[in-house]
Amino acid sequence: MSKFTVNGKAQNFNGDPETPLLWYLRDIVGMTGTKFGCGRALCGACTVHVDGTAVRSCQIQVGDIDGQAVVTIEGLSADGNHPVQKAWRDLNVAQCGYCQVGQIMQAASLLKDTPKPTDQQILDAMSGNICRCGTYPRIRAAIKRASGAA
Amino acid sequence: MTRTPEITNVARRSVLLGLTAGSFVLSIGLPARAQEKKFGGEGMPGGVKDDPKLFLSVAEDGTVNLLCIRAEMGQGIRTGFQTVIADELGADLGRVKVLQAPGNQTKFGNMDTDGSRSMRHHFGPLRRIAAATRQMLAEEAATKWGVPVTEVKADNHGMVHGPSNRRLEFGALAKGAAARPVPPQDKLVLKPVSEFRYIGKDVPLIDNLDFTTGKAVYGIDARVDGMAYAVVARPPVLGGKVKSFDAAKAMKVPGVLKVITIDPPTPPIVFQPLGGVAVIAENTFAAIKGRSQLEIQWDDGPNASYDSVQYRKTLEEAASKPGQVVRNNGDVDKALAGAAKRLTAEYYVPHLAQSPMEPPSATARVTADACEVWVSIQNAEAIRTDLSKRFNVPIDKVTVNNLLLGGGFGRKSKPDFASEAAICSHAMAGRPVKLTFTREDDLQHSFFHTVSVERVEAGVDASGKAVAWLHRTAAPTIGALFVPGANHEMPLELAMGAVDNPFDIPNFRVENPEAAAHTRVGWFRSVSNIPHAFAIQSFAAELATELGKDPKDYLLELIGPARLIDASAMSDAWLYGEDPKRYPFDTGRLRAVVEKAASEAGWGRQLPKGRGLGIAAHRSFVSYTAVVTEVAVGPKGEITIPRVDIAFDCGAVVSPDRVRSQLEGACVQGVSLAMLGEISFKNGRPQQTNFDGYELTRIDGAPTEIRTHLVNTGAFDKPLGGVGEPGVPPVAPALANAIFAATGKRIRSLPIRDQLAGKV
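Those protein sequence lines, which keep their order, are chains A and B.
Following the numbering used here, the numbering of the first sequence begins with 1 at its first residue and continues without gaps.
Following the numbering used here, the numbering of the second sequence begins with 151 at its first residue and continues without gaps.
Since the hints were derived computationally from the structure, they do not count as laboratory data.
Treat the hints loosely; a few may be bogus.
Quick list of the computed label-pair ranges, beta carbon to beta carbon [to be verified]:
1) B:398 / A:7: 33 to 43 angstroms
2) A:61 / B:784: 37 to 47 angstroms
3) A:61 / B:398: 18 to 28 angstroms
C-beta: ideal position from N, C-alpha, C; glycine also.
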């Protein structure tokens, strides 16, 4: 039995403890905001926060997060108005939108730890998140906007 | 298990189609068109429908419901359709709801979202749909007020009568308007361009809130009551099959429900599943774990020796000899023999995988008399056709619910993954099954971009003018999917830059030697334009260097004076399906984007050591693109791209911000394929399995700044061009030309990767 919370809600999971948090969220809880991209922590589409840190949920086994707090895109803000979400909308960052939930979770984590990131800090923090549509220039601009720098 | 609210959202279309009280639907179709050779949307399977009753309804609360027949895959088409309808109708943009049409080409006309055609083919029909609806609402208002309809005007979701200062909202007029006849096409009055409120302006993205909150529902997110989950172990080599397998260990994995075999396809393979062994389980992870425990012996079949290193030599050999002539003007051999100078170069572009971030996935429910699929697909009709045949049910009993696409780029124009989901559901006696490709599955079993060797030879006279051009293009064809053994490029592949080359050279020949396909070759964003443009635009710069001329000036010299070239003069038998009379090759427009990109980029400016500018231009999907790229090459050969300027002429623009975003994305995708992209085969198998081997450009490798320059955006009197794809082709040659300018090293083979290491 693994006990943890997702967006503040208590979870008790009795199944295969090797189940990745990604598939637990998507298939078992039915929260599909967190996306599958590669299954090997190479693309960042599945990024969530565990105890406040951005992690790839495809690499986190549910059996290993006992007592921890998971926040997904659905719980990042009550009304979708986290500064990162707002900046993403202001600049129409998304094209297909699929990777953007992971990008937003990664960017929110960056700005929590580094409220005024330099260009290099943005590149370093975001280089684990692939966007096949190629929205990178707008992602950079949106992070700056959310940080109040632009 | 509960359904997500978003599936209800998909079901909401039934409100429109089923017409609950309060909605109105227009009821009379427009007259049939004359029978003649058809181009554009009319020439597509299913044609174009512009009967407003099919697509638009107005509810009594004023909500306008629009049924969108194009798949949304990041191009912003849902916003684009909303924009056109709201503007022409005189509606408030925010009160136009966009619902996704279920697949039905017979009813709705062509729904195949590819070829950069959505707005090009539907701008006119959408305006007619909205104008007809507006006129019916106006007639209803005029009748109510007892005034001439000519005195009634649409104004922000209502009708107004100026002389008596009266107003009725659309909602109040909806029911009466619904009973009126649809005006015939020759009575439709389109809004003057000068009165556009939304078209040509930037509007909010319709899906923006959903995109940023995780509420957007993609094919892979479909949730249907009681569904199971599946993955498939497919033959690692095209044409292979299962020799034997043991599922005992797989069946012991907790959650695994069933293991089934899927038959290998019989030729032609078209879009059929590849066969193999499917594992069906209670969740995706259990299915993946179960698959890892399968013990399968494969018979690799006839493509087991496919080897990219060897195959490149085969293509080079083919390109070294004469091949099938596909365009011939003048006498190239004579002109080459008499040329003052001759130059030859050969270019290589490997296989690529589209690899959309959402891998292929579909959920299907197959019962005795009906099939239903929830999926992200570019071409829903392909699923309907396949499942109707496969399960012997009438096509009307095959429902395809189109969800958002997490990228497509050509991969999702093939329905193989939906067929697999349906086979699994059928094996589970009608229990719904979600089939997911893992990333490994996606990269091993794509419909790959072709691999090509392009050999170009030119002769110039004593004054430096090009007098002869010989281009040999050798590449396996998409046609081999449909015709086993096909080994020449199809007209549509040749007419992606190879034959439709406007260079002003009197002696011009294009040849297409044989090339056999040993894997599935399919569409990849901008398709054969990629290798053709890479070769032609690199070679143009090589010629300039050889002659000591400026690459931009020489490119303009090759393009020649502004003129209109008929497709037939270039042996272009395709022209993207468009009417040659409406879409001549306008070299003036190509010249104009070259000039625009060059001036915006500060062409000719002094740059520090290790920096360079490169230029390339290309017409594709009847739009004109020019790119100037600035590169910076470090002491160890490391490449960064500080800036790219893209000038683009697709004619009139509906959504400027979405056109810009497509160009930005095309630029990054072009950089990605130029710098990193390669799928290589050994022993018949792709050697890349995930994003560690098949690398894509990440934020730190993307251009720092991409500046887009749109020209001719107000040309609403001319036919529209494509947007989604034409940004891609000139990116790789502009980059290679910039690298040459920076370093003197000529890139003729993609990907670039570390080709500069130790050579700068």
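How the hints compare with the structure:
1. B:398 / A:7: 33 to 43 angstroms: With a Cβ separation near 40 angstroms, residue 398 of chain B and residue 7 of chain A satisfy 33 to 43 angstroms, so the hint holds.
2. A:61 / B:784: 37 to 47 angstroms: Given range 37 to 47 angstroms: holds, Cβ gap about 41 angstroms.
3. A:61 / B:398: 18 to 28 angstroms: For residue 398 of chain B against residue 61 of chain A, whose Cβ atoms are near 25 angstroms apart, the range 18 to 28 angstroms holds.
Violation of the numbered hints given earlier is absent; every hint is satisfied by the structure.
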